[in-house]
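Going line by line, the protein sequences match chains A and B.
FYI, the numbering for the first sequence is 535 to 1121, going by the working numbering.
FYI, the numbering for the second sequence is 535 to 1121, going by the working numbering.
Just so you know, the hints here were simulated from the structure itself, not pulled from any lab data.
Watch out, some of these pointers could steer you wrong.
[Said to hold, decoys possible] DSS-like mimics (lysine-lysine), calculated; alpha carbons at most 27 Å apart, straight line:
1. 1088/A <-> 1088/B
2. 1042/B <-> 1016/B
3. 765/B <-> 539/B
4. 992/A <-> 1088/B
5. 756/B <-> 547/B
6. 1042/A <-> 1088/B
7. 1042/B <-> 992/B
8. 1088/A <-> 1042/B
9. 539/B <-> 756/B
10. 1016/A <-> 1042/A
11. 1088/A <-> 1016/A
12. 547/B <-> 765/B
13. 765/A <-> 539/A
14. 992/B <-> 1088/A
15. 1016/B <-> 992/B
Residue strings, one per chain:
There are 2 protein chains.
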Amino acid sequence: MILEKINSPADLKALDPALLPALADEVRQAVLNRVSLHGGHVGPNLGFVEATIALHRVFNAPEDKFVFDVSHQSYPHKILTGRAFGFLDPTRLDEVSGYSSPAESPLYDTFELGHTSTSIALASGLQKGRDIMGRHENVVAVIGDGSLSGGEAFEGLDVAAENGTNIIIVVNDNEMSIAENHGGLYQNLALLRQTNGAAQLNFFKALGFDYLYVEQGNDVHKLIEAFQKVKDIDHPVVVHIHTLKGKGYEPAVLDKERWHWSMPFDTQTAQPRNTSTAEDYSDLVGQFLLDQMKTDPSLVAVTAGTPSVAGFTPQRRAQAGRQHVDVGIAEEEAVALISGMAKAGAHPVFNVYSTFIQRAYDQLAQDLCINNQPAVINVFMGSVLGFNDITHIGFYDIPMLSNIPNLTYLAPASWEEFVSMERWAIAQSSMPVAIRVPGGAVVHSPETFPADYSVAPKARLITRGSRVALIGAGASVAWIQKAADTLRKNGIQPTLISQTFLSSLDEKLLESLLPDHQVVLVAEDGSIEGGFGQKIAAFYGNTPMRVLCNGVAKGLYDRYSYSGLLTQSHLTPDTIAADILRTLSIL
Amino acid sequence: MILEKINSPADLKALDPALLPALADEVRQAVLNRVSLHGGHVGPNLGFVEATIALHRVFNAPEDKFVFDVSHQSYPHKILTGRAFGFLDPTRLDEVSGYSSPAESPLYDTFELGHTSTSIALASGLQKGRDIMGRHENVVAVIGDGSLSGGEAFEGLDVAAENGTNIIIVVNDNEMSIAENHGGLYQNLALLRQTNGAAQLNFFKALGFDYLYVEQGNDVHKLIEAFQKVKDIDHPVVVHIHTLKGKGYEPAVLDKERWHWSMPFDTQTAQPRNTSTAEDYSDLVGQFLLDQMKTDPSLVAVTAGTPSVAGFTPQRRAQAGRQHVDVGIAEEEAVALISGMAKAGAHPVFNVYSTFIQRAYDQLAQDLCINNQPAVINVFMGSVLGFNDITHIGFYDIPMLSNIPNLTYLAPASWEEFVSMERWAIAQSSMPVAIRVPGGAVVHSPETFPADYSVAPKARLITRGSRVALIGAGASVAWIQKAADTLRKNGIQPTLISQTFLSSLDEKLLESLLPDHQVVLVAEDGSIEGGFGQKIAAFYGNTPMRVLCNGVAKGLYDRYSYSGLLTQSHLTPDTIAADILRTLSIL
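Whenever a hint applies, use it, and build me the whole structure from the sequences.
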């Protein structure tokens, strides 16, 4: 095995060039081995194997700096920079993350990267910093075509070009984003491919870049030749390479969207290793919206490059037709778009992961909320039970969204409550509404929920007890209900409240607890800091009420265990009940 | 006077075409009249007079929709749509805002607009919404060349082009942003101007737009001709018009940066009506950074298109040379850039208005803070005493910034404290630091401040008293000090604390107040919701301490009076003292 001898880029450089295609095969098998056992990004990594070998053959890492956009194509780089064990050794898969990480490789990974379209902007900083410090290393940003639609990528290109010094942007054009590409730019990439890079009309040249096209983006020798041409270049250049997403694994080539990322699978059958028949909110939301579209032709589901967030499979997208809009990876555009669409009389619903809605803070505040347009945003995975990679944490949404003036942020605790809120939010015409889709497994409820949240109470009283009140929202409603079982065994009949509005308190309900309650515990499926627990603490600040805020402490978390973080954050039923009992014992 | 007869676009359409140049002169005089008496955007409006007349002559507002980017060129539109009184009648200037506003003109103003680069994205929503609803009106976005550098503008272009239906983007190219333009894109605009629009290399065409160039962008008849060509077009088109910023007012033509926006001035002498010799923080910061650059060649001041925010006048920029970087209006790039520069070993300082730093929330969280790069951000006008236009409110910075994991957000209360913090922040290499430049007039302090904020206490004890503690931060430290004078007259010796860290509490200090304090009042120069007052309330939640959070209630505010909002928010010394006395009286 050639790969066994490659522990650093130096080893790769020493290799007989004739062996490079065989090495590429081994790297590809290593990628497949990991993703089939562990899950991860399949297609983009398989397509970028030869390019990575060529980059490390030509440039001199760690002096020369690589920035891999969103890390979706960084696995071959990891394999070639001393981390092959995380791909080959089934007992060591967890030692390597799915993303670029200086914590993992301080020498070879420049930044922690998991959000899209950031590479060129970060690289422009390395470029400018290098120039200021008087050094001369190469700065190389690798970006997929799908990431070019993001505004930060454009801002980075614009500034990197003006900086005028060495920077090499490798555009990995595999003709796909996560799903198909969207945006006028992709016509130009197609034209450039069709003309072997010769077309006069050239987006990159228009921004001031030198430009080189490589049609054979999976030919390691052609790539080496191209990178040698641009190494140590004294001005900004784009190397546009045409690669095959999924190359080397037939199922991934045939269905590029399915195989962008995968849960563990059997490489022979291409079937998932674990299949689940459990309901999930994404699928339910997609089907619900599709059904609603049939009777409301003005209802439009919007995504920013991640249609599957709301279960919009290719089949459902086909059924939705023009009532499903994918703007590509462009969350700012998505929020402005829904504001404009609502202004024009349509009923837009933007479905987005919690970790990505923060890419559009200013658009939420300015384009949507100051303008008070009745668009709807469904926020998915805003929960401790969401993504657990450091770059994908989704539980800072409440501090971010609930403090934006004029945004109503709702927290259903069950599918049925979500449906009530969603129906109202789509039909109403008086305010922007975001809805936090609950984290974790789907919860069903036999209750009847309000039809109009513009007049509904801002919190839902589940049970009226005394002495103690437990307040949850979304998934944490189930946690306080379980904690209440324990408390009842201890002779305490707690009041239970679902904080259905994350953006404002039900002051009347809170006020009503004062005469016969001593302690309020808020269990927040998210950050304590800036959350609704702190608002409740402030509400009771000038009263004798004791308030406990349980939730996640502000900090960076990477690949945490769900049960560990819930326990540490005092969000399990046991820790909640224990906190109440301890507090009562000292009052 | 022709203008007296123009109360709507219909009146304009009925006018003899030969009178249009004379009308343009009158509109120009009306603009000048207002800005010279009231202050406002001078150059961009003067340059866009003919284009506005032509737009309203050709298109049919309010059926056809106009979106004026950032509103800097919307005054002529206001004048021609029934709001000339706000420009001509000195007693009615305050009835018209400086920005597009549906609250002011529901028929003719489509959106409240004050942040840059949003127009095309919003217009793409009007375009898509119109298509969904089956209507056929024209959608017209007007954007200055300076606004094109923002990522949202690019995302909007990309999607508007793909939408494929009627949308008309008028690019008002006056060869300037607020200051000079920055970014590779501007080479292409220059090429297009030089070739009368004929160059093959065309940024807009590369994105899929049809394209029309008008060199005589201040010739109303040429403009009418151009707009007639694109009216009712069935696909996306860019009309690139070359205008003269400041046209018609010589001083504004000669010094375009000075006259982008102006305080009231005498039109004859071009001198400000009110001159102030008072110190201001912007000027002090600019001079301080310039001085520091002389001994630290790695120190680089960064701006996103607003160099004057930190007093970087053209003269100072010339002195700073490559140690001042303007990325153009591109806040996302600015934050990623400083992260990359810090990684490369330089000492970058990004100077930015509070209202604009929210355009880079994701970059702060991901590119900067997860990557823990020691870059510095100076946040200006984060205060009730900052901008008071609805789109420019700066007092939501604390909820936004202080809840981002791994960002240290500091609040100096005086110039000298700012300098201590800034020196440390620039020199250290362990964390990203944002510093909230205090609002209001410059405060000086004779105190000695810590040299190292990585070990300094997170709050500064000003006076140790008993029973009552008043906690302020930044400008509000002076307010609690004045309130303390009143309390002392009432026999109360309050503890006074400056909350120097907005991002974390000094738990030891807060703990130490428990034995001999009954009430803590937090006076926050900003939003109560998500602020540090609520964190303090939560800290004391499970204790008998009474906590009052004074600050601005969450909401939208437009052209508020400073004293009115301070009083309403219980932030004046009198209201603070009264709250304490009332609370003590009922304990």
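To see whether the hints hold, each was checked on the structure:
no.	hint	verdict
1	1088/A <-> 1088/B	23 Å, holds
2	1042/B <-> 1016/B	26 Å, holds
3	765/B <-> 539/B	26 Å, holds
4	992/A <-> 1088/B	16 Å, holds
5	756/B <-> 547/B	16 Å, holds
6	1042/A <-> 1088/B	18 Å, holds
7	1042/B <-> 992/B	9 Å, holds
8	1088/A <-> 1042/B	18 Å, holds
9	539/B <-> 756/B	24 Å, holds
10	1016/A <-> 1042/A	26 Å, holds
11	1088/A <-> 1016/A	25 Å, holds
12	547/B <-> 765/B	15 Å, holds
13	765/A <-> 539/A	26 Å, holds
14	992/B <-> 1088/A	16 Å, holds
15	1016/B <-> 992/B	23 Å, holds
Violated hints: none; the structure is consistent with every hint.
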